[in-house]
Amino acid sequence: MMLLAITVSFSAFTALSLAMDRHQADLHGKAAATPTRRRAWRWLGWALLALSFGLCVVDHGWAAGPVLWLGALTISGILIAFGLYPFRPRWIAPLAWALPALGLAVTLFAR
Amino acid sequence: MNSTPNASWHTRFTAVFARPWLGVLSRSMAAILGGYALAATCAMFFAVALPIARGQAVLTGMLVAIALCACAALWAFATRTALRAWVGILMPTALFWLGTAVMRAGA
Amino acid sequence: MKNGFRQSMAWLHTWTGLLVGWLLLLIFMAGTASYYREEISRWMRPELPRSTVDADVAAERAITFLQHKAPQAESWNVSLPDPRNPAMRMFWRNPESMVKPPAEGEKRRRRGGGRFGDATVDPNSGQEVAARETRGGDFFYRLHFDLHYIPVLWARYLVGFCAMFMLVAIITGVITHKKIFKDFFTFRKDKGLRSWLDFHNVSAVMALPYHAMITYTGIVTLMFMYLPWGVSVAYPKDEDAFFSEAFARLADIDTPSEGRAVALPIQQLLDSARAEWKGADVGGFTLYHPGAANAVIDIQQRDGKRLSVDTPSLRYNAVTGALLEASPAAGGATQTRGVMYGLHLARFADWGLRALFFLSGLVGCLMVASGVVLWAVKERPKHAKSGKIGFGLRLVDALNIGAVAGLPIAFAAYFWGNRLLPLQMAERSTAEADVFFYAWGAALLAAFIWPKRMMWAWQLYLGAALFALIPVVNALTTHAHLGVTLRSGDWVLAGFDLTMLAFGAMLAYCGLRMQRWQPALSAAGKKRQAAAKAQQHAGAEVGA
Numbered sequence: 036m037m038l039l040a041i042t043v044s045f046s047a048f049t050a051l052s053l054a055m056d057r058h059q060a061d062l063h064g065k066a067a068a069t070p071t072r073r074r075a076w077r078w079l080g081w082a083l084l085a086l087s088f089g090l091c092v093v094d095h096g097w098a099a100g101p102v103l104w105l106g107a108l109t110i111s112g113i114l115i116a117f118g119l120y121p122f123r124p125r126w127i128a129p130l131a132w133a134l135p136a137l138g139l140a141v142t143l144f145a146r
Numbered sequence: 002m003n004s005t006p007n008a009s010w011h012t013r014f015t016a017v018f019a020r021p022w023l024g025v026l027s028r029s030m031a032a033i034l035g036g037y038a039l040a041a042t043c044a045m046f047f048a049v050a051l052p053i054a055r056g057q058a059v060l061t062g063m064l065v066a067i068a069l070c071a072c073a074a075l076w077a078f079a080t081r082t083a084l085r086a087w088v089g090i091l092m093p094t095a096l097f098w099l100g101t102a103v104m105r106a107g108a
Numbered sequence: 095m096k097n098g099f100r101q102s103m104a105w106l107h108t109w110t111g112l113l114v115g116w117l118l119l120l121i122f123m124a125g126t127a128s129y130y131r132e133e134i135s136r137w138m139r140p141e142l143p144r145s146t147v148d149a150d151v152a153a154e155r156a157i158t159f160l161q162h163k164a165p166q167a168e169s170w171n172v173s174l175p176d177p178r179n180p181a182m183r184m185f186w187r188n189p190e191s192m193v194k195p196p197a198e199g200e201k202r203r204r205r206g207g208g209r210f211g212d213a214t215v216d217p218n219s220g221q222e223v224a225a226r227e228t229r230g231g232d233f234f235y236r237l238h239f240d241l242h243y244i245p246v247l248w249a250r251y252l253v254g255f256c257a258m259f260m261l262v263a264i265i266t267g268v269i270t271h272k273k274i275f276k277d278f279f280t281f282r283k284d285k286g287l288r289s290w291l292d293f294h295n296v297s298a299v300m301a302l303p304y305h306a307m308i309t310y311t312g313i314v315t316l317m318f319m320y321l322p323w324g325v326s327v328a329y330p331k332d333e334d335a336f337f338s339e340a341f342a343r344l345a346d347i348d349t350p351s352e353g354r355a356v357a358l359p360i361q362q363l364l365d366s367a368r369a370e371w372k373g374a375d376v377g378g379f380t381l382y383h384p385g386a387a388n389a390v391i392d393i394q395q396r397d398g399k400r401l402s403v404d405t406p407s408l409r410y411n412a413v414t415g416a417l418l419e420a421s422p423a424a425g426g427a428t429q430t431r432g433v434m435y436g437l438h439l440a441r442f443a444d445w446g447l448r449a450l451f452f453l454s455g456l457v458g459c460l461m462v463a464s465g466v467v468l469w470a471v472k473e474r475p476k477h478a479k480s481g482k483i484g485f486g487l488r489l490v491d492a493l494n495i496g497a498v499a500g501l502p503i504a505f506a507a508y509f510w511g512n513r514l515l516p517l518q519m520a521e522r523s524t525a526e527a528d529v530f531f532y533a534w535g536a537a538l539l540a541a542f543i544w545p546k547r548m549m550w551a552w553q554l555y556l557g558a559a560l561f562a563l564i565p566v567v568n569a570l571t572t573h574a575h576l577g578v579t580l581r582s583g584d585w586v587l588a589g590f591d592l593t594m595l596a597f598g599a600m601l602a603y604c605g606l607r608m609q610r611w612q613p614a615l616s617a618a619g620k621k622r623q624a625a626a627k628a629q630q631h632a633g634a635e636v637g638a
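Protein chains in written order, with my numbering: chain A, 36 to 146; chain B, 2 to 108; chain C, 95 to 638.
Simulated from the structure, these hints should not be mistaken for laboratory data.
The hints are all genuine.
Okay, derived cross-link-like pairs now, DSS-like style, lysine-lysine, Cα gap no bigger than 27 Å in a straight line: (1) C:K272 x A:K65; (2) C:K472 x C:K621; (3) C:K546 x C:K476; (4) C:K273 x C:K285; (5) C:K546 x C:K482; (6) C:K276 x A:K65; (7) C:K273 x A:K65; (8) A:K65 x C:K285; (9) C:K285 x C:K479; (10) C:K283 x C:K620; (11) C:K283 x A:K65; (12) C:K482 x C:K472; (13) C:K546 x C:K620.
The structure presented is a predicted model; accordingly, all values stated were derived computationally and were not measured.
Work the whole structure out from these sequences, hints included.
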């Protein structure tokens, strides 16, 4: 479940970054999305962050859970900001879909 | 200019202290030495003043003192003059010190 | 000061960061390595067998060993083996009467002759571990707050001073970073100063809770040393009472009785504790007055789900098995401090969480490194007009190279030393530590002699080579190399070798970028370049 939490926070950060002008421009050229669309990304992003928090607490309890969540955010954020946006921006959207699916698969099969 | 030979000794004297690096040094001393003193007296005051178990009060005082020391450093450099930096740090220190003495005398 | 709050905080951030940045790099790197101190220790003693026996069998063997080795001791303390650490550490305290005065020039703490004794015992054999003498990962752990070669007290004050500077740097950094949300994911590469600033910002913000936590809790771990006056005013006559009250400790032990008695089998005592705790496991125990009629055993719970470093303990009469007392409930401040200390040590972390802590520590190292480099990058154009590098910038350049590129060399050299130093040499663990500092000293010296970009590249490449070759050196000197460990699924040892390869690759990449870096052209330079290109095209058209 830890992998699922990390991958969900990756997607959360992807969504939140898409709510910003600058990263819309990175991916689609001049700010491609409308303010409504961007607001939708922002809501989705926060919702996914909350989901990943919940997953961390379910897996590790209320003590270590939040600690794990912050760690998940760190690794996702570093991957997106240092790895993907500068070098492989085209990979971000597909990964944002594929990674949580992978995380879910691992969680279900590991049981 | 204040350091010209025609300026009064008084103006030349104060001009020395207007050198920027002295201000920085002064604030740094206030932040480091004053900040440590503030943290120390804060820990002491909390230890004797908090209306909870002695051991818990001591621990709380230490935890708060660390944060207070950091704040003192910020104050020392954010405030308008070096003098204000010292006053702003030494006054609470003195108050904590007095407070501790009062609490100990009363105990 | 200056103009505006943000600006003065920016100034403060620069100087609190720069003045202690190089020492902070040492502290941060050693501290980050400490997350895997047990694993490092295992790799550094490849002779240690892998399999773990049942905890009760291990405990029994520990008792047998101690009865043999330290029958006269006032107390025996045993840490039972756990998945991360298969060997048992034990400590004992000898009675005052036994302490012999130290011989001329001899250090006080010699085994058997001093007040305290310790041993590392292999639970499989019940004998002391027969492995090369090394401090293993404990060297890094101690390094990051006790430093080295200087009295421990001075080191801790110095480290605390740096930690306080770092705390101020973190707070002022957040205050100064105006676009902290807008630039959350922003890293613009290949843009010189802009890129360094982006890198510094992102590495700081992405692990900001971690950085703030590790710095503040680091100071908390040594706060009794830094702020002792609270204790002395609240406990003017009985400072020891503070420590019992504050840490929910069990009461002090009575003096040993004259009568002798045989204690119950250790398994029985440990089982009573487990029953009392409804299943929670035992981490270790301390047996007071072994052999006496009033022998008492304190059994400690294993670090587990709880964050706090204080684990509950139970006290039993070792002869009758009666439960004497349980550690009292901890007060709010005690719990807070316990959790803070626990967060710093991260003993509670499982393999996944530990990896994330380690990653965050590395990000912290990158943050500090990019900070000190950023200062130099920003400062350099100011010296371009005069054509000569000023003293301050040269000093910073040298320290930057020596710390950012030199420290990895030292870390790798330490591991090389472990594999290459003769197994039977005297003072071997001291020698291993010396290797670390010789390597670092050499890197610093080279950096001071030639603080230029190529020195960056050479040192980074050297670090890369040293790290990448560790698995090779391992294979040439031991039987615990990747060929064996990958096949047997020994992920601790295999993981170590693989991590060394990864660090080698990372450092090589950094070296390559340093080597290939082109300075940005000034406006005049760009004009010249454009003119040269135009001339080339004109020439090509004419068919020269």
